[in-house]
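Everything in the sequence shown is counted per UniProt numbering, starting at 1 for the first residue and increasing by one.
Honestly, I wouldn't trust all of these hints.
Said to hold, decoys possible - Only pairs whose alpha carbons sit at most 30 Å apart, straight line, appear in this in silico DSS-like list of lysine-lysine:
| # | residue 1 | residue 2 |
| --- | --- | --- |
| 1 | Lys537 | Lys512 |
| 2 | Lys874 | Lys899 |
| 3 | Lys44 | Lys11 |
| 4 | Lys512 | Lys539 |
| 5 | Lys85 | Lys11 |
| 6 | Lys274 | Lys338 |
Everything labelled a hint here was simulated from the structure, so no lab data went into it.
Computed from a predicted model, the values in this text were never measured in an experiment.
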Amino acid sequence: MDIERASNIIKAFPHISKTIVDDTLYEKVLSYLTLVISTVNISKLNDMCHIFQSIHKACLEIPDQDYRVTTLCIRFMGQVIYHGKESMFQELQTSYPKLLLLVTSGIRSSEGALRRACIEACQLFIHCSQGYQWLLNNKQATSFITFAILDQSNYVVAEACRLFSTLLTLNDQSLLDVMDPSSLIISILHPQCDEKQIISALDFCWEIVNIKALDYMRERKLLHPVIQLLCSTNRIIRSRVLEILSVLFTWDTDPLQTLGLEDTANTVDTAYEKFVFISNTMITQAMKMDDLMTAVSLLDTSLLLLSRSSSVQDKLPTSILFSLFDVCFLDLINDEYKNVKGLVKTNRSKNNLLQIILRSMDKLVSIEPKIMVQDHHFTQIFNILGNSVFYSDARVLKSCLTLLETSLYNHKQPELLTKSIRSLIDMMDESDCKSLVIILEAIDNLLSHDQIGTLLTECSASGALVETLNNKLFDTEWNIRDVVINFVGQLFKEPWSETKIQFALNFDLPLKVFDRIHDTEPYVRASALQVLTSMMKCKEGWCYIQRDESMKLVESLPSLLHDDEAFVRRAALDCINCLVAYQSGQGIKIEYNESKDSLNPYVVQRLVNDQDCDVRIRACTLIEKLWKKMSQKKQQLVQAKENMIRLKESLNPEHLYEEAFDINADMMTQSIVPSDPNDDMNMLDYNSAHSSPSNSRRASLTDPALHVSFRPTTSHLSFNSPPSSPSSRRSSMVTTPEQQLGPHPIINNNNLSPWRRESLPSITHLTHSKPADYQFKHVKIEDNRRHSIAAATTTSLRKSRQNSLSSSCNVPYEQDEQDSLMSRRGSEQTPYSRSPELRVSHKLAERKRRKEMKDLFDDLRDLLPVDKGLKTSKWEILSKTLEYIRILHEREGLMEREKAELLTELSCVKRSI
Numbered sequence: 001m002d003i004e005r006a007s008n009i010i011k012a013f014p015h016i017s018k019t020i021v022d023d024t025l026y027e028k029v030l031s032y033l034t035l036v037i038s039t040v041n042i043s044k045l046n047d048m049c050h051i052f053q054s055i056h057k058a059c060l061e062i063p064d065q066d067y068r069v070t071t072l073c074i075r076f077m078g079q080v081i082y083h084g085k086e087s088m089f090q091e092l093q094t095s096y097p098k099l100l101l102l103v104t105s106g107i108r109s110s111e112g113a114l115r116r117a118c119i120e121a122c123q124l125f126i127h128c129s130q131g132y133q134w135l136l137n138n139k140q141a142t143s144f145i146t147f148a149i150l151d152q153s154n155y156v157v158a159e160a161c162r163l164f165s166t167l168l169t170l171n172d173q174s175l176l177d178v179m180d181p182s183s184l185i186i187s188i189l190h191p192q193c194d195e196k197q198i199i200s201a202l203d204f205c206w207e208i209v210n211i212k213a214l215d216y217m218r219e220r221k222l223l224h225p226v227i228q229l230l231c232s233t234n235r236i237i238r239s240r241v242l243e244i245l246s247v248l249f250t251w252d253t254d255p256l257q258t259l260g261l262e263d264t265a266n267t268v269d270t271a272y273e274k275f276v277f278i279s280n281t282m283i284t285q286a287m288k289m290d291d292l293m294t295a296v297s298l299l300d301t302s303l304l305l306l307s308r309s310s311s312v313q314d315k316l317p318t319s320i321l322f323s324l325f326d327v328c329f330l331d332l333i334n335d336e337y338k339n340v341k342g343l344v345k346t347n348r349s350k351n352n353l354l355q356i357i358l359r360s361m362d363k364l365v366s367i368e369p370k371i372m373v374q375d376h377h378f379t380q381i382f383n384i385l386g387n388s389v390f391y392s393d394a395r396v397l398k399s400c401l402t403l404l405e406t407s408l409y410n411h412k413q414p415e416l417l418t419k420s421i422r423s424l425i426d427m428m429d430e431s432d433c434k435s436l437v438i439i440l441e442a443i444d445n446l447l448s449h450d451q452i453g454t455l456l457t458e459c460s461a462s463g464a465l466v467e468t469l470n471n472k473l474f475d476t477e478w479n480i481r482d483v484v485i486n487f488v489g490q491l492f493k494e495p496w497s498e499t500k501i502q503f504a505l506n507f508d509l510p511l512k513v514f515d516r517i518h519d520t521e522p523y524v525r526a527s528a529l530q531v532l533t534s535m536m537k538c539k540e541g542w543c544y545i546q547r548d549e550s551m552k553l554v555e556s557l558p559s560l561l562h563d564d565e566a567f568v569r570r571a572a573l574d575c576i577n578c579l580v581a582y583q584s585g586q587g588i589k590i591e592y593n594e595s596k597d598s599l600n601p602y603v604v605q606r607l608v609n610d611q612d613c614d615v616r617i618r619a620c621t622l623i624e625k626l627w628k629k630m631s632q633k634k635q636q637l638v639q640a641k642e643n644m645i646r647l648k649e650s651l652n653p654e655h656l657y658e659e660a661f662d663i664n665a666d667m668m669t670q671s672i673v674p675s676d677p678n679d680d681m682n683m684l685d686y687n688s689a690h691s692s693p694s695n696s697r698r699a700s701l702t703d704p705a706l707h708v709s710f711r712p713t714t715s716h717l718s719f720n721s722p723p724s725s726p727s728s729r730r731s732s733m734v735t736t737p738e739q740q741l742g743p744h745p746i747i748n749n750n751n752l753s754p755w756r757r758e759s760l761p762s763i764t765h766l767t768h769s770k771p772a773d774y775q776f777k778h779v780k781i782e783d784n785r786r787h788s789i790a791a792a793t794t795t796s797l798r799k800s801r802q803n804s805l806s807s808s809c810n811v812p813y814e815q816d817e818q819d820s821l822m823s824r825r826g827s828e829q830t831p832y833s834r835s836p837e838l839r840v841s842h843k844l845a846e847r848k849r850r851k852e853m854k855d856l857f858d859d860l861r862d863l864l865p866v867d868k869g870l871k872t873s874k875w876e877i878l879s880k881t882l883e884y885i886r887i888l889h890e891r892e893g894l895m896e897r898e899k900a901e902l903l904t905e906l907s908c909v910k911r912s913i
């Protein structure tokens, strides 16, 4: 199926529209085709659609082709060579050489996307020996790729860097010598050069460092000019240098020699001491805030070397960090860092420096936990959490809480934990939504830890924490309520943590969340449904739902499928899908009749036709899950039938039990909807209706002869109520004709063989009939045959029964039978008995409605200031209409203000006159 679909897509390359607005469509097509060719036989796909022929036609034979189509074709061609290797490149080079010329010329195209696509194709050609030789001999392409590192497009630069990293990974020296850009990179890495080119060169250096090409870097001296760029005035350049150092410090055994700071071999300890000295010197000599931030960031990066050091006790830069902390927080002046005091004058500058200091202290605590043994260190953290000037900055708050978490993991003291939780509670009362997210994330991390989570659940501050969370669920701002609900849902996310689940269940947090399912804000409703979904997947969560009155909430899930907001319907479908998959749909009402409180075919059909794409996808997933569940039940019924057959052979039951054994298991799981909507009759199993050794000796209660012969008087009718069960109705039907009415004067009962009922009772009265109509259907057995449980509704079956009627009776009753059928069609109106005239009328009305709707959308589009020649979807028309209405409202308000100003000026002029 996938290979046929991929073949059709490839054949459609030359016919892709040039007016496509959504650029992501090309990326989706490429992703799908790449996935297909990576999993199927590419030669078979090529035989079906002639890949290169379609690409050649799309790129070279279509006049004024859209560059996006050409880009898609070239990128896909590279993927074909990568997966097809020699055979595919041989065909490309032999039969379609112009496509290779297109790749070469496209590297210098004016379109950045096309340049990137051609370089990507060359990078994929390298993995094929013939493609490698083609690129090696193509001097024009190799020279273009070398200078592509300095391209104006970041995407082109990234693709060129990826190509060179591929050459280094493959350890290919021949092609690397031809295209080696190291001399060009070194010439650019100077503060006086163009900043854009420096950033591109640093991107290349980062790519090489990331693949750990140590020999190449030291041989070419690629990183020697990098350190001097820390003094650049461009913040992006400085941050790129720090990124390169942060990667290099994680694996290089001698970074000083790699960076050109030392000519001889050195250890990691020496490198760490060297960079601590450099960063401390830069801090004391900093004249600008940017220089100070770069110096402290370099100190923070050098801690990566400390983590690899053999001895760290005497090398901790704690004195530098705590001195800077005192300057920021306590306004203390240190003689060594008095320049820092003059640089951090505003709260913003203090927060910028403080968040880096806290991040560095967190790394130090991870390396050496003993630095936080003193109480005044925790006091400093609590002082930050108690000052709104600092914790209102999200960066400072996050860094401070991360440091607090790391310290609590190493010092599992209940008193310290209680004090920390109370500080967090105080902040929650005054925090905005963004800060509340960070605080709750920290609490979630603490609960994830086994020991800390247990201590938090049992500490005295836990009750106050839960009370605060409950109060936030009733906050006037919906985003605050949504954040708290998401926090509760996170406690039940996989991988499950016992401490998190116990905390939520011990304090009944889910009950408070379930009350928000009917919140006025749709986002809150959707989040509450997501919590319910997470709990269904968890064993403890599902037991909690069953234990409390939450099952009523599960029963009401189908009603949420009618919500006005699409994301609420998505969340409800996710919840129902989870319920079916994990709990077999327990608690949810599934029925055939249309109802807002149940899951039925009408609801599912509406969801499948929903305007929201995600809702439609989830509805199809629900159908699939229900089908799998029903298939499992069907297999169980088949197994039960086999067991009953074996039991029948051993017990030799009487005819009543024998009837149960002959029930076809398939008919118990098939839909009661007739295969032919025009057919009013849905008879029982076709095979059982025909003569066989097991049923030839008995007639059917549904035999037309018996139907006609059965004419009860009004004294035998029941006007009170329908039979209590199908079994009781069956017994009454079997005994009534002969015991109460006696033989019919026209039909000779001796000609009728002993009979037994061969069909199940009709379920029409359960779904369509009213109580008042039932008294007639209870007596006239032919009316009860409609929509039986079994399948096989055939016209030939009815004709065979009519023939049996005419052959068994002395009087022709064919016309009566036809009249009976017509009367049933006229008396019982079901969704499947619509006349042909009505269906045609319905189609015409629907066609007219669609045409009127299209005309209205066309009129609306003509009123908008958009290009009338482009094809516009209904969604775009409506969204542009809303935007245009907003613009008109703004213009109207502006004109009203101008009018008021002009009237004021006019009145002033009149008074002056």
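A quick look at each hint next to the structure:
no., hint, in the structure
1, Lys537 with Lys512, "19 Å, holds"
2, Lys874 with Lys899, "37 Å, violated"
3, Lys44 with Lys11, "15 Å, holds"
4, Lys512 with Lys539, "20 Å, holds"
5, Lys85 with Lys11, "22 Å, holds"
6, Lys274 with Lys338, "23 Å, holds"
In summary, the one numbered hint that this structure violates is 2.
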